[in-house]
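> Chains as they are written, first to last, in the working numbering: chain A, 6 to 424; chain B, 2 to 286.
Possibly wrong hints are sitting among the right ones.
[Said to hold, decoys possible] Partner residues aside, some chain A positions facing chain B, computed with beta carbon under 8 Å:
#: 1; residue: R7
#: 2; residue: K37
#: 3; residue: K71
#: 4; residue: Q78
#: 5; residue: L288
#: 6; residue: E352
#: 7; residue: A413
[Unchecked claim] DSS-like mimics (lysine-lysine), calculated; alpha carbons at most 30 Å apart, straight line:
#: 8; chain 1: A; residue 1: K397; chain 2: B; residue 2: K189
#: 9; chain 1: A; residue 1: K226; chain 2: A; residue 2: K205
#: 10; chain 1: B; residue 1: K189; chain 2: A; residue 2: K393
#: 11; chain 1: B; residue 1: K266; chain 2: B; residue 2: K117
#: 12; chain 1: B; residue 1: K273; chain 2: B; residue 2: K71
#: 13; chain 1: B; residue 1: K77; chain 2: B; residue 2: K132
#: 14; chain 1: A; residue 1: K9; chain 2: A; residue 2: K37
#: 15; chain 1: A; residue 1: K9; chain 2: A; residue 2: K356
#: 16; chain 1: B; residue 1: K132; chain 2: B; residue 2: K160
#: 17; chain 1: A; residue 1: K170; chain 2: B; residue 2: K166
#: 18; chain 1: B; residue 1: K189; chain 2: A; residue 2: K8
#: 19; chain 1: B; residue 1: K166; chain 2: A; residue 2: K396
#: 20; chain 1: B; residue 1: K166; chain 2: A; residue 2: K9
#: 21; chain 1: B; residue 1: K87; chain 2: B; residue 2: K31
#: 22; chain 1: A; residue 1: K9; chain 2: B; residue 2: K273
#: 23; chain 1: A; residue 1: K37; chain 2: B; residue 2: K189
#: 24; chain 1: A; residue 1: K8; chain 2: B; residue 2: K166
#: 25; chain 1: A; residue 1: K170; chain 2: B; residue 2: K189
#: 26; chain 1: B; residue 1: K163; chain 2: A; residue 2: K37
#: 27; chain 1: B; residue 1: K166; chain 2: A; residue 2: K37
#: 28; chain 1: B; residue 1: K99; chain 2: B; residue 2: K117
#: 29; chain 1: B; residue 1: K39; chain 2: B; residue 2: K77
#: 30; chain 1: B; residue 1: K31; chain 2: B; residue 2: K114
#: 31; chain 1: A; residue 1: K396; chain 2: A; residue 2: K37
#: 32; chain 1: A; residue 1: K212; chain 2: A; residue 2: K369
#: 33; chain 1: A; residue 1: K396; chain 2: B; residue 2: K189
#: 34; chain 1: A; residue 1: K369; chain 2: A; residue 2: K205
#: 35; chain 1: A; residue 1: K163; chain 2: A; residue 2: K369
#: 36; chain 1: A; residue 1: K234; chain 2: A; residue 2: K205
#: 37; chain 1: A; residue 1: K221; chain 2: A; residue 2: K370
#: 38; chain 1: B; residue 1: K99; chain 2: A; residue 2: K8
#: 39; chain 1: A; residue 1: K9; chain 2: B; residue 2: K117
#: 40; chain 1: A; residue 1: K181; chain 2: A; residue 2: K234
These are computed hints drawn from the structure, not numbers from a lab.
Ideal Cβ positions, reconstructed from N, Cα and C, are used throughout, including at glycine.
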Amino acid sequence: MRKKIFLRAPLLTRSGYGEQSRFALRALRSRKDLFDIYIQPLQWGHTSWLNIESTEREWIDQTIEKTIGYAQQGGQFDISLQVTIPNEWERIAPVNIGYTAGIETNRVAPQWIQKGNEMDKIIVVSNHAKQVYENSNYSWVNEETQQEHPLTLNNPAKVVNYPVKNYENLPELDIKLDYDFNFLVIAQFGPRKNLLNTIKWFIEEFKDEDVGLVVKTNLAKNCLMDREKVFEDLRGFISQFGEHRCKIYLLHGDMTDEEIHSLYVHPQIKSFVALPHGEGFGLPIYEAAYSGLPVISTGWSGQLDFLVDEEDQEHFYNVSYDILPVQGEVVWDGVLIKESMWAYAREQSAKEKMRECYEDITSKKEGSFASLSHEYAQELHERFSEEKMYKKFIDAIGVDEEEFNVEAWLDGLNVQEIE
Amino acid sequence: MKFVLIADFFVEHILGGGELNNEELVEILKSNGSEVTKTQSHLVDESFIEENREHNFIIANFINLSESCKNLLQDKNYVIYEHDHKYLRTRNPADYDKFIAPKEEIVNYQFYKNAKAVLCQSRFHKNIVEKNLELNNIVNLAGNLWTHETLEFLRQISKVPKTDKVSIMSSPIPHKNTSTAIEYCDAKNREYELIPQLPYKQFLQRLGANHKLAFFPGTPETLSRIVVEARMMNMGTITNNIVGATHEDWFKLKGEPLIDLMESKRTEIPQKIIGIFNEDIINPQ
């Protein structure tokens, strides 16, 4: 009999967690023989909801209806798969699996360890997340005995990265760029992504050159109000640099996965730059890398899972950094704790690596990361194929396939099919 | 003839299959010149029965009928129009091996025994009732009643081209087992569409847009109107073996031939009931 699995996830949101949820769903759907899927869609912060019509979306909507009906009948689930930050994990089924993007700093909050220990299994998206989760430790005092005990994660976290996406016919984008060489950055307009420094350092480095930086960003949503705010903030920020020849382009609004992937292969976009303080995984960096764009990135946190190969060889322009306490304004009770630290890309290194990448591409330097980026993209496609990643995810859930005898279940239904 | 139809609810209270069927029976009997009084079972008392003692009682669902009224009816002319299995404490024969309940689970036995007939919806339904009550007044009506208008509506839908999807009724009622139908389609990789609860005609239109219906009830269905409606709309069916309609000879029909047959039931079933009261037929099939 198949296991009734309850997927509680921000499945329909435009967010990293939304993408993570859809990957989990696709992996589960790849084994319909093992799982009978039920869905509770969650909100994710202030992010927008998907409004794309597709057969997958239709299936999701039907499954949500099915779940409501089943829950109304008092139906129980065999497994829960909860895709969210660990603070929100709960015991709601005999087997509970927490699936988190993990942490972008060097330390998780104590609540995450407590909640993690309540789960039967934990899946994370990168080795960085696993190491930080498993290595964070605290102590707690038993109020009755006044004895101090260590608080550490008892469940080893399993790492499952994301699969690559393959598109055969990418749409042509109607964007007009003045110069042939443009960097691309895709990041939310928040402190973690270090976007303002990225823009500042780019302008300072390429001030009087025919080079552009395409900034795909938003504050939270893809609506007009959000765009107006971002546009005004950016204009104000850029005005401090006075006259400059280099260009900054703001790209804002809903784009399909296909359109985003078109950006990575746009003939005038030559390199991807990302200088975040930390990433759980770094999906846009990953997409750029497997699309063949040379990547300039801070050499710390989740993105190293794909920017470094299995022989430990780097395949990116590695920006050096300092590990320092997180900024006061990002502290988020129970999630980003004030004692934690993350990476601060060094200004000089960031400028040098952008320049190095630019020179490698314009001079067509052989053996450079840029010249080998397409070759490496192929490697990524093999290493992170959908098939492999789905299998890895199903293995991480850890079902015993011997338990599933679909044929016997179907026999027991005494099905009569009449044309 | 004068009839009194007693039921727990009528269509003005809930829109169940039994209620729709009862309503149509009332309308047909009235159109044939009979006088029919409808009364909810909880409103019936001894004086009502005595006042109507010369009339013909049709007892449909009777959960709210008092024991004293049931006793009083037993020397009157009455038939039980059975819509489930109210001779069982649980009303669900699926609780028992081969659908046969232990004797201590049987209730209302005398009420069933003294009826002029116990009217069942299908051969399958009749067999279960017979196996449990071992009575010889059990009659198979072999069908159900739909309004002429509904049958014409079904006729229109029967001619509409179908998608390759399988329709599944989305029902919160546990024994309708919506989740099993979904699991079945998933396991067999068949694309399906959940049909939500909608106004009746809209529901039929959505249901009949697909080429098959999957339905795996958890308790025996006396007939299953939705399955017959699907057949009338020219659909194939995927069911388990506890759906009454599938045991009828006519179930191999679909589309217009089946609609024509159900149209003929509008004459046949009321005539059979009148015949029973006239004591000229009890002809179990």
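> Run every hint past the structure and note whether it holds.
Okay, the hints, checked on the actual structure:
1. R7: OK, holds: R7 of chain A within 8 Å of chain B, min 7 Å.
2. K37: holds, 5 Å
3. K71: holds, 5 Å
4. Q78: holds, 4 Å
5. L288: violated, 29 Å
6. E352: For E352 of chain A, the interface hint is violated, since the closest Cβ of chain B sits about 54 Å away, which is over 8 Å.
7. A413: violated, 11 Å
8. A:K397 x B:K189: holds, 24 Å
9. A:K226 x A:K205: With a Cα-Cα distance of about 24 Å, the restraint between K226 of chain A and K205 of chain A holds, given a limit of 30 Å.
10. B:K189 x A:K393: Answer holds: K189 of chain B to K393 of chain A is near 24 Å, not above 30 Å.
11. B:K266 x B:K117: Holds. K266 of chain B to K117 of chain B sits at ~21 Å (cutoff 30 Å).
12. B:K273 x B:K71: Between K273 of chain B and K71 of chain B the Cα gap is close to 23 Å, so the pair holds against 30 Å.
13. B:K77 x B:K132: Holds, because 26 Å separates the two Cα atoms, which is no more than 30 Å.
14. A:K9 x A:K37: holds, 11 Å
15. A:K9 x A:K356: Outside the cut-off at roughly 52 Å; violated.
16. B:K132 x B:K160: Given that 30 Å is the threshold and the Cα spacing comes to 40 Å, the pair is violated.
17. A:K170 x B:K166: holds, 28 Å
18. B:K189 x A:K8: holds, 16 Å
19. B:K166 x A:K396: holds, 29 Å
20. B:K166 x A:K9: holds, 23 Å
21. B:K87 x B:K31: Given pair K87 of chain B, K31 of chain B holds - Cα atoms ~27 Å apart, limit 30 Å.
22. A:K9 x B:K273: violated, 48 Å
23. A:K37 x B:K189: holds, 9 Å
24. A:K8 x B:K166: Satisfied, since the Cα-Cα distance of roughly 24 Å is no more than 30 Å.
25. A:K170 x B:K189: holds, 27 Å
26. B:K163 x A:K37: Holds: K163 of chain B and K37 of chain A sit about 26 Å apart, inside 30 Å.
27. B:K166 x A:K37: holds, 17 Å
28. B:K99 x B:K117: holds, 27 Å
29. B:K39 x B:K77: Answer holds: K39 of chain B to K77 of chain B is near 17 Å, not above 30 Å.
30. B:K31 x B:K114: holds, 28 Å
31. A:K396 x A:K37: Holds, because 13 Å separates the two Cα atoms, which is no more than 30 Å.
32. A:K212 x A:K369: Roughly 22 Å separates the two Cα atoms, so the pair holds.
33. A:K396 x B:K189: Satisfied, since the Cα-Cα distance of roughly 21 Å is no more than 30 Å.
34. A:K369 x A:K205: Holds, at about 26 Å.
35. A:K163 x A:K369: violated, 40 Å
36. A:K234 x A:K205: Cα-Cα ~19 Å, so holds.
37. A:K221 x A:K370: Given pair K221 of chain A, K370 of chain A holds - Cα atoms ~28 Å apart, limit 30 Å.
38. B:K99 x A:K8: holds, 29 Å
39. A:K9 x B:K117: violated, 49 Å
40. A:K181 x A:K234: holds, 22 Å
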